[in-house]
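Visitor: Okay, so the sequence shown: first residue is 1 according to this note's numbering, each after it adds one.
The set of hints was computed from the structure by calculation and includes no laboratory data. Check the hints yourself; a few may be wrong.
For each label pair, taking beta carbons as the anchor points, the in silico distance ranges come out as [said to hold, decoys possible]:
hint, residue 1, residue 2, range
1, A109, S156, 30 to 36 Å
2, G46, P179, 28 to 34 Å
3, S82, G190, 33 to 39 Å
4, Q160, G140, 18 to 24 Å
5, E129, A109, 19 to 25 Å
6, R167, R67, 22 to 28 Å
7, F155, D70, 30 to 36 Å
8, G6, Q93, 29 to 35 Å
9, R168, G140, 16 to 22 Å
10, G6, R170, 23 to 29 Å
11, E98, T132, 18 to 24 Å
12, Q105, A71, 21 to 27 Å
Every residue gets a Cβ at the ideal spot worked out from N, C-alpha and C, and that includes glycine.
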Amino acid sequence: MSRSSGPVSQAWHFTREFLRDPQAIGALFPSSPFLARRMAAMVPEGPGLVVELGPGMGPVTKALLARGIDAQDLLLVEQAPSMVRHLRHRFPQLEIIEGDAVELQTILATRGQVRAIVSSLPLRTIPKEVGTRILQQLPGISRKGTVFIQFTYHFSSSCQSLPAAFRRGRPAVVLRNLPPARIDQFIFHG
Numbered sequence: 001m002s003r004s005s006g007p008v009s010q011a012w013h014f015t016r017e018f019l020r021d022p023q024a025i026g027a028l029f030p031s032s033p034f035l036a037r038r039m040a041a042m043v044p045e046g047p048g049l050v051v052e053l054g055p056g057m058g059p060v061t062k063a064l065l066a067r068g069i070d071a072q073d074l075l076l077v078e079q080a081p082s083m084v085r086h087l088r089h090r091f092p093q094l095e096i097i098e099g100d101a102v103e104l105q106t107i108l109a110t111r112g113q114v115r116a117i118v119s120s121l122p123l124r125t126i127p128k129e130v131g132t133r134i135l136q137q138l139p140g141i142s143r144k145g146t147v148f149i150q151f152t153y154h155f156s157s158s159c160q161s162l163p164a165a166f167r168r169g170r171p172a173v174v175l176r177n178l179p180p181a182r183i184d185q186f187i188f189h190g
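With the sequences and hints as input, model every part of the structure.
Guide: See the structure below:
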């Protein structure tokens, strides 16, 4: 990895994006490797697409690949153009969509079955109606057993608008993150 794409440079780039648009980025620092690995561990084995929403600088992406998710089974959706450029440079083997998660059903219309949606979207800081629109699309892209994984810096769920077809799995808390984070897991039962 070149000096310009090292961890300090990535953290600085992320912080600049936060300062530009704190509501859309939602955090001052990128996710820690501990949080990223814990989220990746919640993705079930098996066939199907793994969709990462809001990958930012790619810490969860890196953990998903390290966990053994095939590059052909991983699709990233990121809205911030500078982060998309960074992700395309860092992970040239992946398909990275520069787009809005509000358009998720359209983005995934021809992609096949979804195994998991791994989200780093700041659902507590984006406008509530936007978060609701994103969450309300999930049944349309899910099959029985699809897992939705979302983290938050609050210790209560950030997914109150999630459709009832999703049942809550066991949450996890990651203290080795700045700030500490809660990971919620939901399983689609259709």
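Visitor: All hints, please: hold or fail.
Guide: Status of each hint after checking the structure:
1. Take A109 and S156: their Cβ atoms lie about 33 Å apart, and the range 30 to 36 Å holds.
2. The supplied range of 28 to 34 Å is met by G46 and P179, whose beta-carbon atoms lie about 33 Å from each other.
3. Between S82 and G190 the C-beta distance comes to about 38 Å, which sits within the given range of 33 to 39 Å.
4. A hinted range of 18 to 24 Å for the beta carbons of Q160 and G140 is consistent with their spacing of about 19 Å.
5. Taken as a hint, the range 19 to 25 Å holds for the pair E129 and A109, whose Cβ atoms sit roughly 23 Å apart.
6. R167 and R67 have their C-beta atoms about 23 Å apart, which keeps the hinted 22 to 28 Å range intact.
7. Between F155 and D70 the CB atoms are about 34 Å apart, so this pair conforms to the stated range of 30 to 36 Å.
8. The hint said 29 to 35 Å for the Cβ distance between G6 and Q93, and at roughly 20 Å that hint is violated.
9. Hint check: R168 to G140, Cβ distance near 20 Å, so the stated range 16 to 22 Å holds.
10. Distance hint check: the CB atoms of G6 and R170 are about 35 Å apart, inconsistent with the given range 23 to 29 Å.
11. Evaluation of the 18 to 24 Å hint for E98 and T132 yields a pass: the beta carbon distance comes to about 23 Å.
12. In this structure the supplied range 21 to 27 Å holds for Q105 paired with A71, their Cβ-Cβ distance being about 23 Å.
Consistency with the previously given hints fails for numbers 8 and 10, ordered from lowest to highest.
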